[in-house]
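Please build the complete structure, drawing on both the sequences and the hints.
Chains L and P, in that order, are what the protein sequence lines are. Sequential numbering from 232 applies to the first sequence in our numbering. Sequential numbering from 831 applies to the second sequence in our numbering.
Heads up, a few of these hints could be off.
Once the Cα atoms are required to be at most 16 Å apart in a straight line, the calculated EDC-like pairs of lysine to aspartate or glutamate come out as [unchecked claim]:
hint : chain 1 : residue 1 : chain 2 : residue 2
1    : P       : K898      : P       : D882
2    : L       : K307      : L       : D285
3    : L       : K296      : L       : E320
4    : P       : K874      : P       : E915
5    : P       : K877      : P       : E913
6    : P       : K877      : L       : E277
7    : P       : K877      : L       : D338
8    : P       : K877      : P       : D914
9    : L       : K296      : L       : E277
10   : L       : K274      : P       : D917
11   : L       : K274      : L       : E320
12   : P       : K874      : L       : D338
Quick list of simulated restraints, FRET-style, between CB atoms [what the hints assert, rightly or not]:
hint : chain 1 : residue 1 : chain 2 : residue 2 : range
13   : L       : G273      : P       : S847      : 25 to 33 Å
14   : P       : S847      : L       : S306      : 45 to 53 Å
15   : L       : S350      : P       : Q846      : 44 to 52 Å
Far from chain P, some chain L residues (derived; all Cβ distances over 10 Å) [as the list claims (entries may be wrong)]:
hint : residue
16   : A254
17   : T300
18   : N305
19   : K307
20   : S318
21   : T322
22   : V348
Because the hints were derived from the structure by calculation, they are not lab data. The C-beta atom is built at its ideal place from N, Cα and C for all residues, glycine as well.
Each chain, written out:
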Amino acid sequence: QVQLVESGGGVVQPGGSLRLSCAASGFTFSTSGMHWVRQAPGKGLEWVAFIRYDGSNEYYADSVKGRFTLSRDNSKNTLYLQMNSLSAEDTAQYYCAKQRSSLPTFDYWGQGTLVTVSS
Amino acid sequence: QSALTQPASVSGSPGQSITISCTGTSSDVGGYNFVSWYQQHPGKAPKLIIYDVNHRPSGVSDRFSGSKSDNTASLTISGLQAEDEADYYCNSYTSSSTLVVFGGGTHLTVL
Chain L
232 QVQLVESGGG
242 VVQPGGSLRL
252 SCAASGFTFS
262 TSGMHWVRQA
272 PGKGLEWVAF
282 IRYDGSNEYY
292 ADSVKGRFTL
302 SRDNSKNTLY
312 LQMNSLSAED
322 TAQYYCAKQR
332 SSLPTFDYWG
342 QGTLVTVSS
Chain P
831 QSALTQPASV
841 SGSPGQSITI
851 SCTGTSSDVG
861 GYNFVSWYQQ
871 HPGKAPKLII
881 YDVNHRPSGV
891 SDRFSGSKSD
901 NTASLTISGL
911 QAEDEADYYC
921 NSYTSSSTLV
931 VFGGGTHLTV
941 L
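See below:
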């Protein structure tokens, strides 16, 4: 069965960096577009970033552009999100999600990893 | 402020039907048939329940249906059950550089 397991979350000081990972299994990772979606405590879902199946292009929400970098290693079935210059506004549960067909269709989600930006 | 507008809350009694709206613009909801809906229970990851406006993934109850008119997409849940109480989110492809936009979410209370 499809599994997405995020890791790398934790507490980081403002201005700091963190790298999230998402280990995928149960499907052909190398042919699937992948996304990160975050959810601040008590708030709604916010799309963060997308990377094409072959890593040829990445797209970012305006709120993270220039600070976050999305990458993938298809040989390891793993997705990465490098987050720099973190601020309190980045505090959220971060979910990786598999794209089904059309761009906004996320058919499988991980359980998420919590990032807390606090001094 | 979310790019897509949803009512903050809706409610209904068991057995009734409810509809949740998701309003965008011609650059997103109105311009493409790429609207999805997700159900999220407290402390859980979201679950896909509708994609491409009105398609149901395998395993999703046929009590859930989607539609779209102009810049507004809708999710209808018929025969409400207690287990339907959850938060519901729409999203859409957008022609802006953002690519994907979500609605602010709607909390459904089953009375």
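Hint-by-hint comparison with the structure:
no.	hint	result
1	K898/P <-> D882/P	holds (10 Å)
2	K307/L <-> D285/L	holds (13 Å)
3	K296/L <-> E320/L	holds (14 Å)
4	K874/P <-> E915/P	holds (13 Å)
5	K877/P <-> E913/P	holds (14 Å)
6	K877/P <-> E277/L	holds (15 Å)
7	K877/P <-> D338/L	holds (7 Å)
8	K877/P <-> D914/P	holds (12 Å)
9	K296/L <-> E277/L	holds (14 Å)
10	K274/L <-> D917/P	holds (11 Å)
11	K274/L <-> E320/L	holds (12 Å)
12	K874/P <-> D338/L	holds (15 Å)
13	G273/L <-> S847/P: 25 to 33 Å	holds (28 Å)
14	S847/P <-> S306/L: 45 to 53 Å	holds (49 Å)
15	S350/L <-> Q846/P: 44 to 52 Å	holds (49 Å)
16	A254	holds (15 Å)
17	T300	holds (16 Å)
18	N305	holds (21 Å)
19	K307	holds (22 Å)
20	S318	holds (19 Å)
21	T322	holds (17 Å)
22	V348	holds (21 Å)
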